[in-house]
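Asks: For the record, the sequence lines run as chains A and B.
The opening residue of the first sequence carries number 315 in the numbering used here; numbering runs sequentially from there.
The opening residue of the second sequence carries number 101 in the numbering used here; numbering runs sequentially from there.
Simulated from the structure, these hints should not be mistaken for laboratory data.
Remember, predicted model here, so these are calculated numbers, not experimental data.
One or more of the hints may lead you astray.
Claimed, not checked - Restricting the straight-line Cα-Cα distance to at most 30 angstroms, the calculated cross-link-like pairs of lysine-lysine (DSS-like) are: (1) B:K159 / A:K620; (2) A:K649 / A:K477; (3) A:K620 / A:K512; (4) A:K533 / B:K203; (5) B:K228 / A:K620; (6) A:K357 / A:K406; (7) B:K228 / B:K156; (8) B:K228 / A:K521; (9) B:K159 / A:K533; (10) A:K476 / A:K649; (11) A:K620 / A:K521; (12) B:K194 / B:K159; (13) B:K203 / A:K620; (14) A:K443 / A:K406; (15) B:K159 / A:K521; (16) B:K228 / A:K533; (17) B:K203 / A:K512; (18) A:K359 / A:K533; (19) A:K521 / B:K203; (20) A:K533 / B:K156; (21) A:K521 / A:K649; (22) B:K156 / A:K620; (23) A:K512 / B:K156; (24) B:K156 / A:K521.
As the list claims (entries may be wrong) - Partial selection, computed: residues in chain B whose CB lies under 10 angstroms from chain A: (25) Q124; (26) D154; (27) L175.
Don't be surprised by glycine CBs; every beta carbon is placed ideally from N, CA and C.
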Amino acid sequence: MAKKHSALEVLVLSSGLLLGVFLGSVPVSAQRAPSANYESDKKVKLSGIVTRIDWVNPSAFVTVNVKDSTGIISNWAVEVGNPLDLQKDGWKATSVHIGDMVTVEGIPARGPRRQALATSVVLARTGAKVFVVSNKKAAKVASQPVPRWPDGHPRLGPPPGKKGYWGPPSSTVLVENTGVAIPMNRDGLLANILDADKVAPFQPWAKAVYEYRQRTLFKDDPYNRCIPPGGARHFQSPYGFQFIEQPTIGRILLLLGGGDRNWRIIYTDGRPIGHKDELVQTYYGASTGHWEGDTLVVDTVGFNEKFWFTNGGLPHTEALHLTERFTRSDLNTLKYQVTVDDPQTYTRTWTGGWNIQWVPDEEIQEYFCEENAESTFIR
Amino acid sequence: MRRRAFLPGCLLMGLGLIVPGFGQQGHPLTGTWNGDFGPSPTQRTQLTIVMTWDGKEVKGTINPGPDSAPATVFLDVLNWTVRIEADMKDSSGKPPHVVAEGKLEDIGAYHRTISGTWRQGTTNGTFKLTRD
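So that you can see chain B by itself, here it is in the shape it has in the complex (with noise of 0.2 angstroms):
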């Protein structure tokens, strides 16, 4: 029975070796991010957020579907800090403005990942992004 769990896990750990090298290489926020926010580690909503550059500026699309909205980001390349506001529609179908801040971290991974600060309408909290 180990001996079955065994190799299956080599086989993932293998996998996780190798697949970080096939990463997105060209602007660090192109891609698909997701993660969540919320105000308390328990209170979290699933977020996805589509980015792209198209030489000028990063369009973003937060939760593609019927309930999208876009997206303004900012990226500071000097502290690799970015900004994303965007009005989302929220349960109730009013339209809370978004100011999410954060900071991108380990930029040459294919699962790099975007965390900081979430405001929406008057509630504070938290989001963590992970690019696919």
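Isolated chain A (complex conformation) (with noise of 0.2 angstroms):
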């Protein structure tokens, strides 16, 4: 690619740049996996005109005519970060034109593409950076009860009169909780491949198709072409979700922020939970729930199995049964408890989880993983 490109300056980072560290400093919530589509080892400068902005989920580009020092031109995609993340820090297509100079640094992408992923981009008549994202966390507010429905149980939702959703996962990661600190990056590929057994009881066949996965950076990640993030994954996703409790026809929805912007419905009105073979598979499965305290305990089966049912590439069977467990502590926190059941995949039940933030005074923000289709699948 250098030699293509000779005025691009690339710099091969030889020297034991750690994956997950590099990884961490790129915005996180791109719909792919930074993993599966850019070289984190080298980096790449560009300075260009740009020629065109693609301000659309699930990332934003802009598109760069670069000139090498014969006068050749070669137009770069330019990967600057998810709009709703750019947004929350005031960032708007409009804070770049089309004929404006830009000098980026990135990542380049793997392969032959003229893709990077930007960590720097300056724009020339102002000598500012700009589509700096923060990951600024939501400031912390005081504790404050857990707000209840009259007959007492916690709302999952927002208190009366407010509005609200459920943002950002402590952990974008799945293991076993084991007490053991796995390092990982945040889209669960390992640092030590020889870590795997520490993650979940694999059995054999599941050990060598997740280290497949992790060897071949995630690949064939479902996600990465917008196939819905079923299982514990959509809890995994900072666009968020929202319970819509609907006690008096023995319900609760669940909207997805996430993914393709899609919803679950758990069943609380004390039907049985159903056996698999009766169901017609899909990536949600069917849920029903109940109330132990105050913690909601929602059982689910049903799942097909076109999808990862949590980042890291950690593969199920169709016999996988998940029992969730929602607990809203205070105003502000869910703890997110999942037990995995899936005997044809692990050789025994094992049980992870994180806590996930509220977000106040805001509702869930539009995203749709399909929009920057050309983004996302051609280039």
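Mind assembling these two chains? They're in different frames, but the hints should get you there.
Replies: Below, the structure written as structure tokens:
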């Protein structure tokens, strides 16, 4: 690539830059895992004229015409982040204009594509860095009590007269809750493949598939192609979700902000969970729920095998049965615990989980994975 | 005319790009596999094998239907090699023993393949299967 585009300053960082550390510095919420698409151990620097701005989900792109020393122009697609994240920091599609000169530093895409994931974009006419995402966390608010329904059950949505939704998870990976720290990046890519055994109690075939997905940097991840993030994975999205509780008709709707902006129905009317052989296998399965004290316990079966149920590439089969426990410990915190029971994939049941933060006074923002199909599938 | 052909062509190209994303992601052998076997490139016999994983073993059914034959299937996950053994019915109704040994390729793809050697009775040949 450097030879073909000789004016481009492609710096190979061969001195052991840790993958997880490097990818940790880029916006975390792109639909596609950066590990799968970009060469994290390389850097690229480009200077050129902006020719197009695609301000769409899952990633905004700025295309730049870069002229080399012989006058040959090549067109580069520069991924600058997710529009929702960028907008939170005040950036808009109009923050740069077609015809502007920019200097981009970033990570080049794998393969021959002229594409980069920006770590810095500097606008020549002002000298300012643009499209900087702070990934800042919501300001800590004083702990407030759990809002409750008249019958005493916790309200999983906003308090009466307020708005809000469940947003960023405290972890974007699922590992067995054993208390052992397993170094991996936000995509679930292990720093050391020998740690695979610590992630979950895999059957031999499942461990082999997991390691294959790790070694191939998640190139086959269905989520990369906007396949729904079923199972526990939709709670790993930063774009949030919302409970719509309908006790009078015995169900809770889960509106999902990430992935395909989809929904789940959790029946709380006492119906049996059903048997997987009687169900149409789906991405989100069939869910029933009941309350155990202040915890909503949700059993789900009937999953298909067309998706990965968590970041990191852990496999599953149609035998998958998830038991999710949602506990709102205060206004701002939802404890999420999931027990994985899939005897065709794992040698025993196992449990993991994380916390999810309440985003007050906001609604889930509009996000469609498919919006930038051109950039997602073609480039 | 060219333009008429161009648009469907683009659609097919688009489908070609998207379809692999809908692949089965569970046990890599689960599903219906189609292909052929035979002693030479010109002497081939159509072959269908349906494989299922029950958590303990892979069960195979060769050519589902009235002439189906159960198959035992072994997967070596360290090397992604597959061994299939069965007693198939040939055209004369005899049940020659079949031993096929192949390599599972591109396990993350929807249309993953298994190809290798096929020994049926005393006849040696090759086989190739592609997951439907």
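Asks: All the hints need checking, so say for each whether the structure fits it.
Replies: Consistency of the hints with the structure:
Only pairs whose Cα atoms come within 30 angstroms are accepted, and K159 of chain B paired with K620 of chain A is accepted, the gap being roughly 21 angstroms. Between K649 of chain A and K477 of chain A the CA atoms are separated by roughly 20 angstroms; this keeps the pair inside 30 angstroms, and the hint holds. In summary, the hint linking K620 of chain A to K512 of chain A is supported, as the alpha carbons are separated by about 25 angstroms, within the 30 angstroms threshold. With a C-alpha separation of about 21 angstroms, the suggested pair K533 of chain A and K203 of chain B falls inside the 30 angstroms cut-off, and the hint holds.
A hinted pair counts as satisfied when its Cα atoms are at most 30 angstroms apart, and K228 of chain B with K620 of chain A qualifies at roughly 24 angstroms. Distance restraint check for K357 of chain A and K406 of chain A: the Cα-Cα separation of roughly 26 angstroms lies within the 30 angstroms cut-off, and the hinted pair is therefore satisfied. In summary, the hint linking K228 of chain B to K156 of chain B is supported, as the alpha carbons are separated by about 25 angstroms, within the 30 angstroms threshold. At most 30 angstroms may separate the alpha-carbon atoms for a hinted pair to count; K228 of chain B and K521 of chain A meet this at roughly 26 angstroms.
A hinted pair counts as satisfied when its Cα atoms are at most 30 angstroms apart, and K159 of chain B with K533 of chain A qualifies at roughly 29 angstroms. At roughly 21 angstroms between alpha-carbon atoms, K476 of chain A and K649 of chain A fall within 30 angstroms of each other, so this suggested pair holds. For a cut-off of 30 angstroms, the pair hint linking K620 of chain A to K521 of chain A stands: about 18 angstroms separates their Cα positions. With a C-alpha separation of about 22 angstroms, the suggested pairing of K194 of chain B with K159 of chain B holds against the 30 angstroms cut-off.
For the suggested pair K203 of chain B and K620 of chain A, the alpha carbons sit about 23 angstroms apart, so the restraint of at most 30 angstroms is met. Restraint check: the Cα-Cα separation between K443 of chain A and K406 of chain A comes to about 14 angstroms, which is no more than 30 angstroms; the hinted pair holds. A threshold of 30 angstroms between alpha carbons decides the hint, and for K159 of chain B with K521 of chain A the separation of about 20 angstroms falls inside it, so the pair holds. Simply put, K228 of chain B and K533 of chain A have alpha-carbon atoms about 24 angstroms apart, close enough for the 30 angstroms limit, and the pair holds.
Among the hinted pairs, K203 of chain B with K512 of chain A is consistent with the structure: their alpha-carbon atoms are about 29 angstroms apart, no more than 30 angstroms. Proximity of K359 of chain A to K533 of chain A is assessed by CA-CA distance (about 25 angstroms); at most 30 angstroms being required, the pair is judged to hold. Distance hint between K521 of chain A and K203 of chain B is fulfilled; the C-alpha atoms sit about 18 angstroms from each other, no more than 30 angstroms. At most 30 angstroms may separate the alpha-carbon atoms for a hinted pair to count; K533 of chain A and K156 of chain B meet this at roughly 28 angstroms.
The straight-line distance between the Cα atoms of K521 of chain A and K649 of chain A is roughly 28 angstroms, inside the 30 angstroms bound, and the hint therefore holds. Of the supplied pair hints, the one linking K156 of chain B and K620 of chain A holds, its CA atoms being roughly 21 angstroms apart against a limit of 30 angstroms. About 22 angstroms separates the Cα atoms of K512 of chain A and K156 of chain B, which keeps this hinted pair within 30 angstroms; it holds. The hinted pair formed by K156 of chain B and K521 of chain A meets the criterion: a straight-line CA distance of about 15 angstroms does not exceed 30 angstroms.
Proximity of Q124 of chain B to chain A holds as hinted, the smallest CB-CB distance being about 5 angstroms (cut-off 10 angstroms). For D154 of chain B, the interface hint holds, the least distance from its beta-carbon to any beta-carbon of chain A being 7 angstroms, beneath 10 angstroms. The interface hint given for L175 of chain B is met, as the beta carbon of that residue sits about 7 angstroms from the closest beta carbon of chain A, less than 10 angstroms.
Checked against the numbered hints given earlier, this structure breaks none of them.
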